[in-house]
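Chemist: Please model the complete structure; the sequences and the hints are all you need to start from.
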Amino acid sequence: MAAPKKGRQGTQGRPGRTLALILIAIVALTGGMFASGHTTPRLGIDLAGGTSITLQAKNEPGQKNAINKTNMDTAVDIMNRRVNGLGVSEAEVQTQGDSNIIVNIPKGTNSEQAREQVGTTAKLYFRPVLVTEVSGADAATPSPSASGSSSASPSASAEESEKATSSSSPSASATSQGRAVTDALKADPTPSASGGSSSADASASPSASASTDPATAKLQAQYTALDCSKKTVRAKAGDGVKAGDPTVACGQNSQGQWQKYILGPAEVEGTDVDKASAVFDTQGAAGWKVTMDFTGKGGKKFASITGKLAQNQSPQNQFAIVLDGEVVSDPYVSQALTGGTAEISGSFDQQEAQDLANMLSYGALPLTFTEASVTTVTAALGGEQLEAGLIAGAIGLALVIIYLVLYYRGLSLIAIASLLVSAVMTYVIMALLGPTIGFALNLPAVCGAIVAIGITADSFIVFFERIRDEIREGRSMRPAVERAWPRARRTILVSDFVSFLAAAVLFVVTVGKVQGFAFTLGLTTLLDVVVVFFFTKPLMTILARRKFFAEGHSWSGLDPKRLGVQPPLRRTRRASAPVDTKEA
Amino acid sequence: MSKLGTLGARLHRGEIGYDFVGKRKIWYGVSILITITAILGLAVRGLNMGIEFQGGAVFTTERTSISVSQAETYAEEASGHDAIVQKLGNGGLRIQVAGVDTSKSDQIKQQLAKDLKVDSEKIAADLVGPSWGDQVANKAWQGLAIFMVLVVIYLAIAFEWRMAAAALVALIHDITITVGVYALVGFEVTPGTVIGLLTILGYSLYDTVVVFDSLKEQTKDITKQTRYTYSEIADRSINGTLVRSINTTVVALLPVAGLLFIGGGVLGAGMLNDISLSLFVGLAAGAYSSIFIATPLVADLKEREPQIKALRKRVLAKRAAAAAKGESLETPVVERSYEDDEPDDEATPAVVGPRAQRAQPSSRGRGRGRPSGKRR
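Protein chains in written order, with numbering that gives the first Met the number 0: chain G, 0 to 583; chain Y, 0 to 375.
By construction, these hints were calculated from the structure, which means they are not laboratory data. Computed from a predicted model, the values in this text were never measured in an experiment. Don't take each hint at face value.
Here are the computed distance ranges between Cβ atoms for each label pair [claimed, not checked]:
{"id": "1", "chain 1": "G", "residue 1": "547", "chain 2": "Y", "residue 2": "155", "range": "15 to 25 Å"}
{"id": "2", "chain 1": "Y", "residue 1": "149", "chain 2": "G", "residue 2": "16", "range": "48 to 58 Å"}
{"id": "3", "chain 1": "Y", "residue 1": "308", "chain 2": "G", "residue 2": "22", "range": "50 to 60 Å"}
{"id": "4", "chain 1": "Y", "residue 1": "221", "chain 2": "G", "residue 2": "434", "range": "48 to 58 Å"}
{"id": "5", "chain 1": "Y", "residue 1": "81", "chain 2": "G", "residue 2": "273", "range": "45 to 55 Å"}
{"id": "6", "chain 1": "G", "residue 1": "547", "chain 2": "Y", "residue 2": "28", "range": "45 to 55 Å"}
{"id": "7", "chain 1": "Y", "residue 1": "80", "chain 2": "G", "residue 2": "434", "range": "56 to 66 Å"}
{"id": "8", "chain 1": "G", "residue 1": "405", "chain 2": "Y", "residue 2": "221", "range": "33 to 43 Å"}
Dumping the calculated BS3-like pairs for lysine-lysine here, alpha-carbon to alpha-carbon at most 27 Å [claimed, not checked]:
{"id": "9", "chain 1": "G", "residue 1": "274", "chain 2": "G", "residue 2": "57"}
{"id": "10", "chain 1": "G", "residue 1": "296", "chain 2": "G", "residue 2": "57"}
{"id": "11", "chain 1": "Y", "residue 1": "22", "chain 2": "Y", "residue 2": "317"}
{"id": "12", "chain 1": "Y", "residue 1": "113", "chain 2": "G", "residue 2": "106"}
{"id": "13", "chain 1": "Y", "residue 1": "312", "chain 2": "Y", "residue 2": "22"}
{"id": "14", "chain 1": "Y", "residue 1": "103", "chain 2": "G", "residue 2": "57"}
{"id": "15", "chain 1": "G", "residue 1": "307", "chain 2": "G", "residue 2": "274"}
{"id": "16", "chain 1": "Y", "residue 1": "223", "chain 2": "Y", "residue 2": "317"}
{"id": "17", "chain 1": "Y", "residue 1": "308", "chain 2": "Y", "residue 2": "215"}
{"id": "18", "chain 1": "G", "residue 1": "106", "chain 2": "Y", "residue 2": "86"}
{"id": "19", "chain 1": "Y", "residue 1": "103", "chain 2": "Y", "residue 2": "121"}
{"id": "20", "chain 1": "Y", "residue 1": "116", "chain 2": "G", "residue 2": "106"}
{"id": "21", "chain 1": "Y", "residue 1": "121", "chain 2": "G", "residue 2": "106"}
{"id": "22", "chain 1": "G", "residue 1": "296", "chain 2": "G", "residue 2": "274"}
{"id": "23", "chain 1": "G", "residue 1": "68", "chain 2": "G", "residue 2": "274"}
{"id": "24", "chain 1": "Y", "residue 1": "103", "chain 2": "Y", "residue 2": "113"}
{"id": "25", "chain 1": "G", "residue 1": "299", "chain 2": "G", "residue 2": "274"}
{"id": "26", "chain 1": "G", "residue 1": "106", "chain 2": "Y", "residue 2": "103"}
Each residue gets a CB set at the ideal place from its N, CA and C atoms; glycine is no exception.
Modeler: Take a look at the structure:
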């Protein structure tokens, strides 16, 4: 422990300076809190109201060691996409322990829907694209009157999409769509873009041929009505469609426009992907790309679908990578891709390439999730619990202060000031930890803070009792404080260390509510050390010079008479003291 | 304060004190008895595991006029399982249904909302799958085990292995007692209880460590003197830190009492209550064990060490010699302070020890009077 040395230099030499330092630190922290705009600690679900879902990961049968950090992080990414795609504001997804994911959904959102989304396994499919177009105007809001003429708007946007495709595809870097090419085939962008003349025909033909089938007609109607620029519509698109059926879906192109699709039956499933990763192409000019390795079966399926697609005109030479009903990428194919590997290149930056690789991997993620617990707290109950916690804290603090005043009198002023400093620091740090590390104050954490009052107060008790012991030995106030401190310091450090060890172990090992509790306990224990070293001790040193304390005023709590100092008898008494206990 | 203050002073000087180490056998016996009771209680009655550990649902409603028995009927109809309903301090109801899975409990919630005529959005629900509780409990046990290993290593380094062993025994003792109380009284065990229990770990040791620290300090040069045996010094350290131990326990219990009062009295049930209840029981056990069990145990272990054994012999021999000589040099001093303190001592219950203790050293001393006499 390095702290003691530091403490000695800092506190024995210039108590005033140490005091000033810590006060400046507090003011700075408080200023930081106000500057950051987070003046209250972020509240957990159980105090603010909302729903908290704990998902437990399980290995898929036959897969061992699938629960690892990479897989869990990917899963968190995917879930984040899912809940935040629902229009849920500030839903928060994080791992907890080594096999749990916590999803916190604040009040005021449809928690049922969120739970459905989160609870089901993510589905990744490769589907052939039948029709696609930009959905909804880019900047303009889609007014009902504009989309009212159903015949006009699709064709118009079909042109738009055609224009986009033809204009962009010659220059590979500018295209919104990635390209799937084999390792052997480097870059041959033009052929796919060339047949853009009759996109209206292309998009019309599937719908025309299918119009005899009522299911397809329904699909066409869905497609026409689909407005991908609306979040809620998007989330529902293609809900409940089986992998073997065609569907409608939405996706965002690299210009940030929403595009809608009619997609054919899934040809390849996410589980057919063995591995996907983002790599930087050092040879070509393509920059970041995503490579995929398929499983043996998947490779064959992929070869057959790409073989078919490569013969088609745009956009039907594209396949869509659909994750949870949303198109995450729609590369086009220029050649049958055999060999069990493929890469998707395009104008990815690193982040995009990694995101896509993660999503592709997720389909192959050998994890299933089960709902371990779901807690829904109404806003009223949350408020009530918060209030109860605060009242309990206030009562606890008041009782401790009363006890300290009764027992330590004048000394209790130092204890109370230290407790207040400790409380202010705890509050400010909690408020600051909200935005920085996502700390949320929950009920167990409040309990931890209340229990910590005792631990903090105990440090003062240790110190004060030591001082009193020294005074009983007949020392005067100032030497008593200086002699008591090193001994009290060791005791405080040793016992705080044990307490902190408990908190740290609990924080690392445990899950759920226990963790929140352990965090506060650990934090307050650390703060206790800081406060005792840099506030209580220097304050004590300074006050020991005051007449009130130095002369042992009867209200100072250090009155030698009350402490039972009888100097003339000291010697003999001390010498015989233990014998007294034996033979008195 | 004055009473407590002077008590502290006299404890410090060793004028009064309780013979913790000398009477250790009694307290060991008491502890063993309590521990056996606790284990028996655990074996016979088992723990009343809450919904969180067996899987099920807890619904909390806002203030409602529906009676407990009526709500119970509704809940049982809706779920097909037994339901436990409690009235909360704020007029709401807390309905627990065990053994339902998370998807079914949604339906129950809807049904309940209809029956109780409240908006389903206004019912707070805690739905727990059966494996979650196991996970929480397993992790807690795991944490406990890791913590114990680490803390024993730490104490063995910072103090010595005997103290580490004694602290561990005291810790296990506290946890057993707390768990036993839960089994015997039938309090419900929830994650809150587990939190409380785990906090006791830190706290119980915290208290023990302070006594050990003082013991270590006082026994630093123990083999260089022949006045006191190790046990006597151990006794002194306990008595010396007694005021602090009492203060610490009081100061720790006060906030917990606040929690318990608010958690139990105002909210009726829930996490605050659960945490504070187990803390309350555990803190009390912790304060007891660090004084009555941990330190005497260290003394016991220490007295087996050859050096300390030799010291004990020397000390007793010296005393015996003094006794044999009749009124030795020391005696006048002792007598004087004895007279000084007599009225006070009579009044203080804590002084029962010394008198009973008196017979022990003198009788031992007599037995060993001869060899020491030879030495002289």
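Chemist: Hinted pair, alpha-carbon criterion (27 Å max): residue 308 of chain Y, residue 215 of chain Y. Please report holds or violated.
Modeler: holds, 18 Å
Chemist: Within a Cα-Cα threshold of 27 Å, do residue 22 of chain Y and residue 317 of chain Y meet the stated pairing?
Modeler: The hint holds at about 23 Å.
Chemist: Honestly, do residue 149 of chain Y and residue 16 of chain G meet the 48 to 58 Å range at C-beta?
Modeler: The hint (48 to 58 Å, Cβ to Cβ) is violated, given that residue 149 of chain Y and residue 16 of chain G are roughly 37 Å apart.
Chemist: Using the C-beta atoms of residue 80 of chain Y and residue 434 of chain G, is the stated range 56 to 66 Å upheld?
Modeler: Between residue 80 of chain Y and residue 434 of chain G, where Cβ atoms are some 43 Å apart, the hint is violated.
Chemist: Against the 27 Å threshold, does the CA-CA distance of residue 103 of chain Y and residue 57 of chain G hold or violate the hint?
Modeler: Between residue 103 of chain Y and residue 57 of chain G the Cα gap is close to 21 Å, so the pair holds against 27 Å.
Chemist: Need the status of pair residue 113 of chain Y, residue 106 of chain G: alpha-carbon distance at most 27 Å?
Modeler: Since the Cα atoms of residue 113 of chain Y and residue 106 of chain G sit roughly 21 Å apart, the hinted pair holds (cutoff 27 Å).
Chemist: Between residue 547 of chain G and residue 155 of chain Y, does the C-beta distance stay in 15 to 25 Å?
Modeler: violated, 45 Å
Chemist: Given the hint of 45 to 55 Å, is the C-beta distance from residue 547 of chain G to residue 28 of chain Y inside that range or not?
Modeler: At 50 Å between Cβs, range holds.
Chemist: Measuring from beta carbon to beta carbon, are residue 81 of chain Y and residue 273 of chain G in 45 to 55 Å?
Modeler: holds, 49 Å
Chemist: Per the hint of 48 to 58 Å, is the separation of the Cβ atoms of residue 221 of chain Y and residue 434 of chain G within bounds?
Modeler: holds, 55 Å
Chemist: Taking 27 Å as the top limit, are the C-alpha atoms of residue 296 of chain G and residue 274 of chain G close enough?
Modeler: This hinted pair holds, its Cα atoms lying about 14 Å apart.
Chemist: With 33 to 43 Å as the target window, see if residue 405 of chain G and residue 221 of chain Y comply at their CB atoms.
Modeler: holds, 37 Å
Hint compliance for this structure: hints 1, 2 and 7 are not met, and every other hint is.
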